[in-house]
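In this text, residue positions in the sequence shown follow our numbering: the first is 6, and each later residue adds one.
What the hints contain is simulated information worked out from the structure, not anything from laboratory work.
Beta carbons: idealized from backbone N, C-alpha and C, even for Gly.
Any given hint could be a false lead.
Simulated restraints, written as ranges between beta carbons of each label pair [stated by the list, open to error]:
hint	residue 1	residue 2	range
1	THR115	LEU49	15 to 25 Å
2	ASN138	ARG41	16 to 26 Å
3	ILE126	LEU42	19 to 29 Å
4	ASP47	GLU78	43 to 53 Å
5	SER21	LEU87	18 to 28 Å
6	SER21	ASN138	16 to 26 Å
7	ALA34	GLN102	38 to 48 Å
8	ASN7	LEU49	35 to 45 Å
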Amino acid sequence: MNRRILFAYQLLTGASDTATGALLIVAPALTLGLMRLHVPADALPFVSFIGAFVFSVGLACLYGAYLAWCSAEKSKLEMVWLLTAFTRSAVAIVVLQQIMAGALEAGWLTVAISDGTIVVIQAVGLRRGWLANASR
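Please work from the sequences and hints to get the whole structure.
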């Protein structure tokens, strides 16, 4: 993976999660409406709490963009990929399980698919050493 693609990837994932997380914190009903998702009104405080985690994953990805831009040590970016993949895989699994149990509507599948896709990209990239090639 070349450095520009890596930077763009980190910037895209970081900006989208940071913005989504911030919106979930301050305006959860509006944010879910924009995502065409629904939860009971009494769940909105918990959605804001979840937004804090989404926000933190986004910031970690933006830090990854900074590392890619500065051509930092690959081990730092590998750690960002590993830790964000752990979080995203947990989200994908829980959301998928909740959809299958009927606790979440099928529209939440977009969350599971997007997080799952990023996990696969990062797992393959870590396994194949993409970050070592990008640090040059």
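Status of each hint after checking the structure:
Hint check: THR115 to LEU49, Cβ distance near 19 Å, so the stated range 15 to 25 Å holds. In this structure, ASN138 and ARG41 break the distance hint of 16 to 26 Å, their C-beta atoms being roughly 38 Å apart. Look at ILE126 against LEU42: about 24 Å separates their beta carbons, and that is inside 19 to 29 Å. A hinted range of 43 to 53 Å holds for the C-beta pair ASP47 and GLU78, which are about 46 Å apart.
In this structure the supplied range 18 to 28 Å holds for SER21 paired with LEU87, their Cβ-Cβ distance being about 20 Å. SER21 and ASN138 have their C-beta atoms about 25 Å apart, which keeps the hinted 16 to 26 Å range intact. Take ALA34 and GLN102: their Cβ atoms lie about 24 Å apart, and the range 38 to 48 Å is violated. Under the hint 35 to 45 Å, the C-beta atoms of ASN7 and LEU49, about 42 Å apart, fit the expected range.
Going down the numbered hints, you'll see the structure goes against 2 and 7, while the others check out.
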